[in-house]
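Colleague: Chain residues, written in single-letter form:
2 protein chains.
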Amino acid sequence: MADSKKLVKEITSMDEDFAKWYTDVCLKAELIDYASVKGCMIIRPYGYAIWENIQHIMDGMFKETGHENVYMPLFIPESLLQKEKDHVEGFAPEVAWVTHGGDEKLEERLCVRPTSETLFCDHFKNIVHSWRDLPKLYNQWCSVVRWEKTTRPFLRSREFLWQEGHTLHATAEEARSETEQMLNVYARFAEEALAMPVVKGQKTEKERFAGAEATYTIEALMHDGKALQSGTSHYFGDGFSRAFGVQYTDKENKLVYPYQTSWGTTTRLIGAVIMTHGDDNGLVLPPAIAPVQAVIVPIASHKEGVLDKARELRDRLKAVCRIKLDEGEQSPGWKFAEYEMKGVPLRIELGPRDIENNQCVIARRVDGEKITVSLDSIETEIPKLLAEAHNVMYNRALERREKMTYTAKTLDELKEIAETKPGFIKAMWCGDRECEDRLKEVAGVTSRCIPFEQESISDTCVCCGKKADKMLYWGKAY
Amino acid sequence: MADSKKLVKEITSMDEDFAKWYTDVCLKAELIDYASVKGCMIIRPYGYAIWENIQHIMDGMFKETGHENVYMPLFIPESLLQKEKDHVEGFAPEVAWVTHGGDEKLEERLCVRPTSETLFCDHFKNIVHSWRDLPKLYNQWCSVVRWEKTTRPFLRSREFLWQEGHTLHATAEEARSETEQMLNVYARFAEEALAMPVVKGQKTEKERFAGAEATYTIEALMHDGKALQSGTSHYFGDGFSRAFGVQYTDKENKLVYPYQTSWGTTTRLIGAVIMTHGDDNGLVLPPAIAPVQAVIVPIASHKEGVLDKARELRDRLKAVCRIKLDEGEQSPGWKFAEYEMKGVPLRIELGPRDIENNQCVIARRVDGEKITVSLDSIETEIPKLLAEAHNVMYNRALERREKMTYTAKTLDELKEIAETKPGFIKAMWCGDRECEDRLKEVAGVTSRCIPFEQESISDTCVCCGKKADKMLYWGKAY
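The listed protein sequences derive, respectively, from chains A and B.
Per our numbering, the first sequence starts with residue 55, numbered consecutively.
Per our numbering, the second sequence starts with residue 55, numbered consecutively.
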């Protein structure tokens, strides 16, 4: 095998085996490689460039809403982790413990951060004294570790990259509105950057973050009908402040506890993109986060003038999009397949005949649609075509989600749908944890969220038949 | 204490106690806070914003030179760390070990990465097969852990943020030239972004990176006359490739080993900036990395029109610099001290009298120089003043370094300089490790580097008197 790049890239089809299709895409699109450490992954340049674009856009949205970035330590002393009872119960079973530094045994074990609420509280205690010190609107980009038993690239790995926002406020009202604001930021990001429609809502008590008073979520529906929790925002009340002794002097000179939030999204979003937009030819990337938005594939590039014209085109397009010209020796057909696999939104074909006619052919990755564009207007056309590609992707995903969203009024209906039709199930719930547990048991579904946009499907709980006024989204989930 | 922000910020003077001055600046300029984990630090928003600016500029330079970012796991299995003998000997004594995941003891201990050569090699082995797969030009932004005994903010902490470049090449020549190129990138960054002159050179064998064939360095001189290694670039030959079994098929269809480099800089650069430019009033930031490049302090802001005019000025200046308007209730004097502490390059004073005269007063942080500027030309003046501030800072640092660089021909001379004059000492060296050890023992100096720009100071080794043709920089170092 003299040239590993010449291998034809074949992947399992979605219908044959969705899970296999997913990992095939992760590997063949060169997003990841497996690492020597079980359950961890290597994010390769193409995958990392997607993450950089996600970071760049999201970080801008955080800064626009007044947040500042900080960096907290990687390690949490065991005694600090234990200060908030619910929190430690939720996380202790799945943390990695550092016990030795060099040859010496540590006096106290350190946990590799699974999330940093405890560290932020410890810091807030040092720096917040007066009402003038509030609010604190912080965010951190880092990696966290959770010792999961079963792992999958991007979706669930022992180490993953994320951002975690942590904010501190003078009033409960302000903290609640921050929690809501950041959920809206996530939803807007999902729609505008990932072309991914999401359902916004609140988690049930069972599904709440360890230590939170309320957890909000954006839920997306993947191609295979499974739900993916894509971002969460938590309201803590003053529980953590009390546990960690964070207090400040208010305007009336009284010592009081501030209110807290946290919110996070992870590299899981890359998994969401793969499973929302991908197809049997590989990845399909939303233009906003695509490392390469348009690729020029010269046709008959040995013919005089073709490469020169292609380079000229590339240089002109640099100002309007992330452009790449592939001058490689492989055939156009090989290149077509390669950039389809990598999900490049637009492919620009340019051959001697096109040059003669002062035009090029542009193929759209999402649906293969081809159009001929004059070279004179290419700088204005490409941004339009990228925006169109985004819209087609969003609408296609929304349409699929709507088609795969069902309504159940009775337990039998819900069971039948859960067994035969992958997707979301909308059904009423009385609010009892027992019904939630039972639906998991008998139908294999979990509550995804209590959506903000409520509909009245019936008056009774889909499970127990008692009076119910909450409509929930249920489903199988990643 | 109703308002913690109203405290006067006093710091120890440099001459009184340089070490105390340094930590005072770190804390009072709100760059860091100490964490519950011994030897780790919290990088606060102002400190992190400096790091973001460093990252942004440096990442651009890496991408311009063809490098791509990736992300490797945080953990290295013990067996993987042990594959390269010199490397593990260098790092094992100072790594943190993870022994448990949740309640279970791990089958194999994992080390929290102190550096990632081993992980990159393991990955290269998977993805490099043919000469067509080379070169690989990778970089990673992440945090690493080294279990240091004594720690200081930014300069030496158990966890720190850094970038580590790792590249793989077909020939030794190409790898050597990459090593050199990246050292030059670092030197250019130090000069252009940090206004910090550096000496470029090679490390002696004693000071080499564990497992490298050659280590290159940029060395800066701090205000107190101590040297600070500010960036290193390593040439590995094919040592790591052999140890990890990384091979590829060359153009002649032979299986051969590729050549490797790595290079890194860390948050230590922030420490370098503090100790190169800072003064008794606090931090002095080079404009390129300053989170706020110019701050508007309104004078008599309660008077009609002052705040309006100040806001108008801020809005105009947004396009040309990172501008801040401080509308806070504190006095102008308090604000002057605050932004001096924080090292903001330019302070713009605007009062009723200035407005009447259509002007403002601009004070330069580096030397306190004040000029009056017409409001009509402020957009063109500010960038010029920032560029000037940079030059003044660079020249001042260079001048100081030159004044603090001495020459020694004999051991007695060197000892006397080392005892009485803080700074660099240029002296000849025969190349023997014994002489290097002896100079450390009798004069407390280490070899900083064999500079690329050689001078002939004498023909004999400063230590043993034998023939010597290498001139070295020696000094006490952080």
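Treat the hints as calculated values from the structure; they're not laboratory data.
Do not rely on the hints blindly, as some may be mistaken.
Which copy is meant is left open, so a pair is good if it fits within one copy or across any two.
Simulated crosslink set (PhoX-like; lysine-lysine; CA at most 25 angstroms straight-line) [said to hold, decoys possible]:
1) Lys117 / Lys159
2) Lys74 / Lys378
3) Lys82 / Lys190
4) Lys117 / Lys389
5) Lys457 / Lys280
All values derive from a computational prediction rather than experimental measurement.
Colleague: Each of the hints needs a verdict: does it hold here or not?
Modeller: Verification of the supplied hints:
In the homo-oligomer, the alpha carbons of lysine 117 and lysine 159 never lie at most 25 angstroms apart, since the shortest distance is 42 angstroms inside one protomer and 42 angstroms across protomers. In this assembly of identical chains, the alpha carbons of lysine 74 and lysine 378 never lie at most 25 angstroms apart, being 30 angstroms within a copy and 52 angstroms across copies at closest. Taking the closest pair of Cα atoms, lysine 82 and lysine 190 come within 25 angstroms of each other only across two copies (18 angstroms); inside a single copy the shortest separation is 43 angstroms, beyond that limit. For the identical chains of this complex, lysine 117 and lysine 389 are inter-copy neighbours only, at 24 angstroms across copies versus 39 angstroms inside a copy, given an alpha-carbon limit of 25 angstroms.
When the C-alpha separation of lysine 457 and lysine 280 is checked against a cutoff of 25 angstroms, the pair qualifies only within one copy, where the shortest distance is 13 angstroms, while the shortest distance between copies is 69 angstroms.
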